[in-house]
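Once you've looked at the hints, dock chain B against the given chain A.
Number of protein chains: 2
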Amino acid sequence: MRLHAPLDDRTAWSPVGHCPIEKAIAVVGSRPAMLIMREAHYGTRRFDDFVTRVGVAPATASTHLRALTDAGLLERQPYQDEGARTRDEYALSPAGADLMPVVIGLFSWGMKHTDGVDDLEFAHVGCAEPVDLRVACAAGHEVGEQDVEVRLRRGRPRRRVRA
Amino acid sequence: MRLHAPLDDRTAWSPVGHCPIEKAIAVVGSRPAMLIMREAHYGTRRFDDFVTRVGVAPATASTHLRALTDAGLLERQPYQDEGARTRDEYALSPAGADLMPVVIGLFSWGMKHTDGVDDLEFAHVGCAEPVDLRVACAAGHEVGEQDVEVRLRRGRPRRRVRA
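These protein sequences, in sequence, are chains A and B. Each residue of the first sequence is one higher than the one before, counting from 9 in this note's numbering. Each residue of the second sequence is one higher than the one before, counting from 9 in this note's numbering.
Bear in mind the hints are in silico, worked out from the structure with no lab data behind them. All of these numbers come straight from a predicted model, not from anything done at the bench. Certain hints may be false.
Repeated chains share a single entry, so a pair holds when one copy, or any two copies, can fit it.
What the hints assert, rightly or not - With a Cα cut of at most 25 Å, we get these calculated DMTMM-like pairs of lysine to aspartate or glutamate: (1) K120 with D78; (2) K120 with E150; (3) K120 with E137; (4) K120 with D106; (5) K120 with E83; (6) K120 with E90; (7) K120 with D56; (8) K120 with D140.
Pulled out of the complex, with its shape left as it was, chain A reads as follows (with noise of 0.2 Å):
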């Protein structure tokens, strides 16, 4: 990737406190979040399995459990077992589904480049072929980390970027 003008001077700019990705590490960088986020996808639901799958303490996987619902990532539905209370379970929200890419791509990342992982993969549904994430421009063009650049977007009002 580059910086293009005028964001290429560095020192004339800075990210803090208003970066998307700063922003979304703050809901879903710590690990207990994406490990959760992880099993969310893979569809658990329950209390206990996050607790047993994420390998955390019940407190800390309420803790996130709270937290990520409240950021709205996961959304509350209640379920009664036969004999049982009412509990609640934890399903994927439609910005939940949305971290999809940033699941997968950890998840592509740690099988390349770490050891001792479980012999898993994604694959589609309807064809069984598996699937990947691919960084591709509008035009369709698949870009390396060398064709990307970093720009002031385009056609819409300016935000919060001082440059």
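Relative to chain A, chain B alone:
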């Protein structure tokens, strides 16, 4: 997403300790680490620029730059300004460059779901069209959150999954 048999019995296996997402998070899952990787993707190489543009104390930047270098995501390269002593700058390694989909994924999620963010976008240097992630299978189908299953990898030696 859904879990494909035999993984769909989520009480019979747990990803704890051998999930590629968990392993990736162990490397880049802290706020300073991920923001340093953002800056490295933006072309930042010098220590003082990382400190300013990530918004951390020099000691914090130093700790995380060292950890990311040791983990193989950054490479130290000596440079010398005229009249100054030789110092190191930090360049993206191939493993660091492979994190681009995660950087773009967090950026896109933050742009869509958080407020007060900079008015930036990623664009293709070649044709100037905006760049984003696509989730697609090897047959070229774009796939949504409902169209993905997690399965045991086929045709490769089993590694660690216990299902």
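Here is what the structure says about each hint:
1. In this homomeric assembly, K120 and D78 come within 25 Å of each other (Cα to Cα) only across copies, at 17 Å, whereas the closest approach inside a single copy is 34 Å.
2. Taking CA atoms no more than 25 Å apart as the test, K120 paired with E150 passes in both settings, with 20 Å inside one copy and 22 Å between copies.
3. Only within a single protomer do K120 and E137 lie at most 25 Å apart by alpha-carbon distance; the minimum there is 19 Å, versus 29 Å between protomers.
4. In this assembly of identical chains, the alpha carbons of K120 and D106 lie at most 25 Å apart whether taken from the same copy (23 Å) or from different copies (9 Å).
5. Taking the shortest Cα distances, K120 and E83 sit within 25 Å of each other only across copies (18 Å), while inside one copy they are farther apart (33 Å).
6. With identical chains, the CA atoms of K120 and E90 are never at most 25 Å apart, being 44 Å at best within one copy and 40 Å at best between copies.
7. Taking the shortest alpha-carbon separations for K120 and D56, neither the intra-copy value of 31 Å nor the inter-copy value of 31 Å comes in at or below 25 Å.
8. Proximity of K120 and D140 under a CA criterion of 25 Å is satisfied in both settings, with 13 Å inside one chain copy and 22 Å between copies.
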